[in-house]
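Protein chains: 2
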Amino acid sequence: MSSSKKLSRKYNASVVAQKLVSKAIFDHSMIASGDRILIAVSGGKDSTVLAMMLSLLRPALKVDYHLAGLHISTDFCSCCKKPELINHLASWGIPFEDIYVPVIARLKAGRKMNCYWCSTQRRAELISYALNHNFNKIALGHHLDDSIETYFMNITAAGKLCGMPALLQYEKYPLVLIRPLSYLEERQVVACADEHGLLKSACTCPYGKNSQRIMMRKKIAELCGGSGAVKRRIIQAFNEEALCRTKLN
Amino acid sequence: MSSSKKLSRKYNASVVAQKLVSKAIFDHSMIASGDRILIAVSGGKDSTVLAMMLSLLRPALKVDYHLAGLHISTDFCSCCKKPELINHLASWGIPFEDIYVPVIARLKAGRKMNCYWCSTQRRAELISYALNHNFNKIALGHHLDDSIETYFMNITAAGKLCGMPALLQYEKYPLVLIRPLSYLEERQVVACADEHGLLKSACTCPYGKNSQRIMMRKKIAELCGGSGAVKRRIIQAFNEEALCRTKLN
Chain X
1022 MSSSKKLSRK YNASVVAQKL VSKAIFDHSM IASGDRILIA VSGGKDSTVL AMMLSLLRPA
1082 LKVDYHLAGL HISTDFCSCC KKPELINHLA SWGIPFEDIY VPVIARLKAG RKMNCYWCST
1142 QRRAELISYA LNHNFNKIAL GHHLDDSIET YFMNITAAGK LCGMPALLQY EKYPLVLIRP
1202 LSYLEERQVV ACADEHGLLK SACTCPYGKN SQRIMMRKKI AELCGGSGAV KRRIIQAFNE
1262 EALCRTKLN
Chain B
1022 MSSSKKLSRK YNASVVAQKL VSKAIFDHSM IASGDRILIA VSGGKDSTVL AMMLSLLRPA
1082 LKVDYHLAGL HISTDFCSCC KKPELINHLA SWGIPFEDIY VPVIARLKAG RKMNCYWCST
1142 QRRAELISYA LNHNFNKIAL GHHLDDSIET YFMNITAAGK LCGMPALLQY EKYPLVLIRP
1202 LSYLEERQVV ACADEHGLLK SACTCPYGKN SQRIMMRKKI AELCGGSGAV KRRIIQAFNE
1262 EALCRTKLN
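Quick mapping for you: the protein sequence lines, in order, are chains X and B.
Quick note on numbering: the first sequence equals residues 1022 to 1270 in the working numbering.
Quick note on numbering: the second sequence equals residues 1022 to 1270 in the working numbering.
Isolated chain X (complex conformation):
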């Protein structure tokens, strides 16, 4: 293989990711000049790629914004390779902060640990930190597959079209939630992380293997015939309505 081929192959996933992240940012007017954006960095591949993308795209977006990464440690997850995460963020010019939330200790007596409890505890801390440190936006690393799965799980289980919109203005707080990876399939996030050598330092939640979510992922793959374009059209349709609802409420 020639060196030019090697080079183009090496950066292929990153180029695709930058295009799709730019499109999501543009379609949903996610970032404006002067924004102070707090990135929720878990140490996993998704939020690490998100932080890299938001840093890499700054010149192309031609918008002046401030980035910072917040890691929320818990009392059960210690797999995260924090020194590597801090190094990555520093190399992209992103300051890092770490706070601790005793997710298990906060459980009421007799209650078992679950994803919903953990995520609401962490989200509350994230919002509180953002408000106290003058951030106006929070960026989350959910990708296209996360979003579609969540929408379909809520639709089929609860009859509600709610999930992970690409952009959400909180009603109670002067804060906007953005999901710049909304158009990226998980395989595209993995390829991009791999290209940049980020996979070896990424961690995953030990409770993260939800069998219902895995089953739903298979069904969605069949519905979409494995097409990323079809997935993006689905999320476009759901996002439009989610925006509709946000405006109404």
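One should not assume that every hint holds.
Where chains are identical, the list cannot tell them apart; a pair therefore holds if satisfied intra-copy or between any two copies.
[Claimed, not checked] Calculated lysine-lysine pairs in the BS3-like style (CA-CA distance at most 27 Å, straight line):
hint	residue 1	residue 2
1	Lys1040	Lys1181
2	Lys1230	Lys1129
3	Lys1103	Lys1230
4	Lys1221	Lys1103
5	Lys1040	Lys1221
6	Lys1240	Lys1181
7	Lys1133	Lys1230
FYI, nobody ran anything at the bench for these hints, they're computed from the structure.
Please build the complex by placing chain B on the supplied structure of chain X, with the hints as guidance.
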């Protein structure tokens, strides 16, 4: 089998259909006292069951409304057994009217016949007839499978959450479109039509076998694991948003 078992079996599908149609009417406030409802009767099983249901349910709904059936003949579909249709409607106390639309003759030069052209031509005539004859509601026989398929075809092909809401207020006309069979699966409509001896006189459109729709039906069956309850939750989620959108526009 005892005669009581035979009897309960005989009317089983009809009882299920009446429950689900009542629920759809109630959930979406489809019918009010004094309504003049024009039923689009094609001669097919769906709209024939719809006409029967709206007539049968009148005492249970405790609302006084007027029903009439309108059949729109075209220049390519002559399979409909109109005398049987007229007899059925008469037995349910529903007056019948027939108008003719030259769907093929209206095609512009060089254009081929297609479902979209036919349905828009027929819908325009239906609206015009309803307005000229003082109807305030139009009832269509689309069932749960029709609705979900249409939503998913629009979502996956066009990225738009539009389809067949259970209730739609026209913006341009003083007319409301209702789909009282929205919660009934096709197999439930067929079972109900069969119980009442309606299948042998029902016709189907000769152009009606859309391969994309058949493929989508299979994918939806896999997504829902064959569960009617899951299908109803999907349509509930989509209908809520469609109503949202209608209020916004």
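key: Intra/inter-copy verdict for Lys1221 and Lys1103 if alpha-carbon distance must be at most 27 Å   = Intra 12 Å, inter 71 Å, cutoff 27 Å: intra-copy only.
message = My question is about Lys1103 and Lys1230: at a cut-off of 27 Å on alpha-carbon distance, are they close within one copy, between copies, both, or neither?
response = Close inside one copy (22 Å), not across copies (58 Å); limit 27 Å.
key: Identical-chain pair category, Lys1133 with Lys1230, by Cα at 27 Å   = For Lys1133 and Lys1230, the Cα distance is within 27 Å only inside one copy (16 Å; across copies 51 Å).
task = Give the relationship of Lys1040 and Lys1181 under a CA distance limit of 27 Å: within one copy only, between copies only, both, or neither.
result = Result: close only across copies, 22 Å inter versus 31 Å intra.
ask   = When no copy is specified for Lys1040 and Lys1221, does a C-alpha distance of 27 Å or less occur within a copy, between copies, both, or neither?
value = Result: close within a single copy only, 24 Å intra versus 57 Å inter.
message = Regarding Lys1240 and Lys1181, is the shortest C-alpha distance of 27 Å or less found within a copy, between copies, in both, or in neither?
response = both (18 Å within a copy, 20 Å between copies)
request  = State whether the alpha carbon distance between Lys1230 and Lys1129 is at most 27 Å within one copy, between copies, both, or neither.
outcome  = within (24 Å within a copy, 57 Å between copies)
This entry satisfies every hint, going by the numbered hints stated previously.
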